[in-house]
Structures are given as C-alpha cells and as structure tokens.
Amino acid sequence: MSSVGLTAGTPVADALDGAMTAIGAAGCDTPRLDAEVLLAHVLGVGRERLWIDTDLQVAGPAVRAFQDAVRRRAVKREPVAYIVGRRGFRHLELAVDPRALIPRPETELLVEVGLGLPAGARVLDLGTGSGAVALALKQERPDLHLSGSDASEAALSLARENAAMLGLEVGWLRADLLAGIPDEFDALLANLPYVAESERVQLAPEIARHEPAEALFAGPDGLDAFRALAPQLAQRSNVRLLALEVGAGQVPAVLELLGGAGYGSLVARRDLAGIERVVVGERRR
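Once you know that position 54 of the sequence shown is 54 in the numbering used here, the rest is easy, because the numbers rise by one and skip nothing.
Hint data in this document are derived by calculation from the structure and do not stem from the laboratory.
From the three backbone atoms N, C-alpha and C, an ideal C-beta is built for every residue, glycine too.
Just so you know, not all the hints are guaranteed correct.
Once the Cα atoms are required to be at most 25 Å apart in a straight line, the calculated SDA-like pairs of lysine to any residue come out as [to be verified]:
#1 Lys76 / Arg122
#2 Lys76 / Leu266
#3 Lys76 / Ala234
#4 Lys76 / His91
#5 Lys76 / Ala13
#6 Lys76 / Leu43
#7 Lys76 / Glu199
#8 Lys76 / Ser198
#9 Lys76 / Gly27
#10 Lys76 / Gly264
#11 Lys76 / Arg200
#12 Lys76 / Glu276
#13 Lys76 / Asn238
Pairwise CB distance ranges, derived in the manner of DEER restraints [stated by the list, open to error]:
#14 Glu199 / Gln232: 21 to 27 Å
#15 Gln232 / Arg269: 34 to 40 Å
#16 Arg285 / His145: 22 to 28 Å
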C-alpha cells in the first residue's frame, strides 16, 4: 500500500489516484469505480461528494481504514461489495458477506417475472442466498406471499438479517432443493448453482476465492442442480409458473429437463449482455 503514498491529510483526489493505480495494477477491471466506492464508504459520504468537495481530505482513522480497504481489494482481490458490506439490488440495499453470493443485475430478471404474478400468489425463492429476489419482490408486490429457501443455514441467517433490516415479511425455509418443502406454492423462482467445475479456473479471483463455492458449482457441466430439481418439480402440480436463472449456453438442456417435468410455453429471457439468462415456463394443463 506504500505505493499509494497515503498520509494523514491527503487530498481526496490524490488518495483516489494512488488507490486506482494499486487496484488497476492488481488486474481489477474497474479500478476507478472500486476506489471511489471504497473511499466514499470509509469517509461516510456519497461518491459524488468526492469530486464536488474540493476541501475533503483523508485524515484520522480514515487513513488506515482506506489503506486496509485498498489492500483487501488489490492484494486479496476481495469483492468491493464484501468490503463495504452492502450491495444494491432493484430498489433495495442489502447486507452482503461471504455467507452468500453477491446479488447480480441479471438475477433481477427473476423479480421481473414475479411482478407479473396474480394478486395473492404464493411464491418460493429457491436458493435465496442473501434473500435478494424474495425481498425485492415483496417490496414491490406486498400482496404476494413470499418464502425463501436455501440449503445453507449461513445464507438463511443473512437473508433473515436483511428481512429484519428492511422490515419485509418473508418466510424462510432450510431445504435441499424442494425436499421437505410443502407443496403449497403457485410459483417458483430459482437462482441455483450452474457453473461447471471445468470453468473454475476461468473465474475472476473475486468469485473463485471469496464467494461460496456451494452456491456456484454444479458438477462437470453445471447442470447437476437442474437435473436434481426436475423430478421434484414433476411431483409439484401446484407450481404453475417456474423461472430459473441459467448459465450461458445451458438453455437447450434446461428446456428439455423442464419439458420432461411437465412444463410448456417455455421461453428464455435475455440479460443486458444479450445472454439467454432466465428460462420461464408454465405447467401444462
């Protein structure tokens, strides 16, 4: 961190320049954004103030705090969201930490599917992680009855903390996929593990080193979770609507699995990068 040249009373612009150099040299893709988010967090101000307040300096406890934050980002390659402890998702700001995956913009597609459900529908967010999908949908559609489930008790504890912080009422269930979950849901939204083991070495260090592996990887081709879920879905006649987030190139295999489980009208929705990211289906009558 000495290359940053940060001392007490360093002007914000100089602190940012040094941090951007260190973070960029480490191979991070967005050094300017990362440096701004970390410094704004340490100083307790909005990012815009870093540029409009020309008198703002890094001083006192903020010196060591910013040094530590930049070290974690540049040396350990920790995700910025874990360092600052929060991440925006839809209209919410969620607490995040290594107990669960960091919510991503493409997962908001699941919420968009849920927004089209009829009033009073019972919805399960399967593989809820931090609770992002269930909580965002409850915030935007308070008439829906939301539950979130996960195999990880650690992830569920984070989801419960987020629900309490946001004042949103969601039920939480610990379960491996649908095992032991009551057959009472009209719709199922799921962000399950779908990364192939062979892709582990290709992942950015932020993901491979710090996010929970059990929420990422699903066998040699990334389809193990979908293969396990399909026969369970075949026995759940109440689940009329289904939406699954999938990996790039997985849509054909997932469509086949869901067709065999009794779902039709299957369509794939693309994310902002143009990748077919969410498969949506309705149970055949």
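A quick look at each hint next to the structure:
Note on Lys76 and Arg122: the hinted pairing is violated, with a Cα-Cα distance of about 42 Å set against a maximum of 25 Å. The suggested pairing of Lys76 with Leu266 is violated, with an alpha-carbon distance near 42 Å, which exceeds 25 Å. Taking the CA atoms of Lys76 and Ala234, the gap is about 44 Å. The hint is violated against a cut of 25 Å. Taken as a hint, the Lys76 and His91 pair is broken in the structure, with Cα atoms around 30 Å apart against an allowance of 25 Å.
Of the pairs offered as hints, the one joining Lys76 and Ala13 holds, with about 24 Å between alpha carbons and a cut-off of 25 Å not exceeded. Of the pairs offered as hints, the one joining Lys76 and Leu43 holds, with about 22 Å between alpha carbons and a cut-off of 25 Å not exceeded. Annotation: proposed proximity of Lys76 to Glu199 holds, straight-line Cα distance about 21 Å (limit 25 Å). Annotation: proposed proximity of Lys76 to Ser198 holds, straight-line Cα distance about 23 Å (limit 25 Å).
Between Lys76 and Gly27, the direct Cα distance comes to roughly 11 Å. Compliance with the 25 Å bound is thereby established for this hinted pair. For a cut-off of 25 Å, the pair hint linking Lys76 to Gly264 is broken: about 46 Å separates their Cα positions. A threshold of 25 Å between alpha carbons decides the hint, and for Lys76 with Arg200 the separation of about 18 Å falls inside it, so the pair holds. In summary, the hint linking Lys76 to Glu276 is not supported, as the alpha carbons are separated by about 32 Å, beyond the 25 Å threshold.
Among the hinted pairs, Lys76 with Asn238 is inconsistent with the structure: their alpha-carbon atoms are about 46 Å apart, more than 25 Å. One distance hint, 21 to 27 Å for the beta-carbon pair Glu199 and Gln232, holds here, with the actual separation near 26 Å. Checked against the given bound of 34 to 40 Å, the beta carbons of Gln232 and Arg269, roughly 23 Å apart, lie outside it. At roughly 23 Å, the beta carbons of Arg285 and His145 sit within the given window of 22 to 28 Å.
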